[in-house]
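In order, the protein sequences belong to chains F and V. Count the first sequence with our numbering and you get residues 1 to 117, in order. Count the second sequence with our numbering and you get residues 118 to 230, in order.
Accuracy of the hints is not assured; some may be wrong.
Chain V side only, calculated, beta carbon under 8 Å to chain F, not exhaustive [claimed, not checked]: (1) 158; (2) 159; (3) 160; (4) 161; (5) 177; (6) 220.
Hint data in this document are derived by calculation from the structure and do not stem from the laboratory. Idealized CB from N, CA, C, for every residue including glycine.
If you want the building blocks of each chain, they are given just below.
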Amino acid sequence: GAVVSQHPSRVICKSGTSVKIECRSLDFQATTMFWYRQFPKQSLMLMATSNEGSKATYEQGVEKDKFLINHASLTLSTLTVTSAHPEDSSFYICSARGVRGGNYEQYFGPGTRLTVT
Amino acid sequence: DQQVKQNSPSLSVQEGRISILNCDYTNSMFDYFLWYKKYPAEGPTFLISISSIKDKNEDGRFTVFLNKSAKHLSLHIVPSQPGDSAVYFCAASAKTGANNLFFGTGTRLTVIP
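Could you put together the complete structure from these sequences and hints?
Have a look at this one:
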């Protein structure tokens with residue numbers, strides 16, 4: 001079954017509004033969570049890395065004030081796209097890393113399709 | 118700058134035959150490599166990994182080969198099944214458990230029944 005969940009799976013919003021995406025590790029504690037973005041026919045690009053209880057580390061070119069990341073607990077991280085614009089339309093995928101079943105693993109969520117109109 | 122490259126965007130293979138997906142990397146600091154399978158509108162699913170101390174890792178129908186001198190790895194699927202049809206990404210990191218995985222652009226595998 002799923003190890004990492006994301007909600008919502010699909011969201012359509014109007015330009016200028018904010019959208020929050022949740023990422024949960026279901027049966028393990030994720031010490032680190034990652035947020036990726038994938039454009040059509042392109043690779044997954046890391047946006048930011050967050051450790052529980054500390055500020056996220058953003059990759060170069062990613063606006064931290066636009067993509068707010070909160071990693072409030074060992075099982076939950078949220079990505080808020082603020083003042084969304086059509087160019088923010090993309091597939092956002094979270095990933096959680098931690099010890100599960102005795103192994104240090106990284107699992108991906110199912111992704112969230114964001115469409116900004 | 119794409120540090121992990123998958124030069125074949127697509128591959129078609131007959132069911133029962135071997136599928137070989139290739140991946141090249143440029144960063145000599147990479148020492149841990151992974152393959153993920155991805156269906157449309159879903160997150161990647163981990164398939165198999167290999168650390169740089171090995172040159173081969175096998176798991177059922179999936180085998181990953183690593184050629185460090187050539188900075189090349191490949192994923193072999195044999196026998197290929199229609200359910201294997203998906204996009205396959207290779208990924209690399211500079212050390213096991215490192216923060217960032219660098220992904221290739223993916224290869225779409227189609228297994229023809």
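Taking the hints in turn, this is what the structure says about them:
1. 158: holds (6 Å)
2. 159: Holds. Min distance 5 Å.
3. 160: Holds: closest Cβ of chain F sits about 4 Å from residue 160 of chain V, inside 8 Å.
4. 161: This interface hint holds because 5 Å falls under the 8 Å limit.
5. 177: violated (18 Å)
6. 220: holds (5 Å)
Hint 5 from the list above is the single one not met by this structure.
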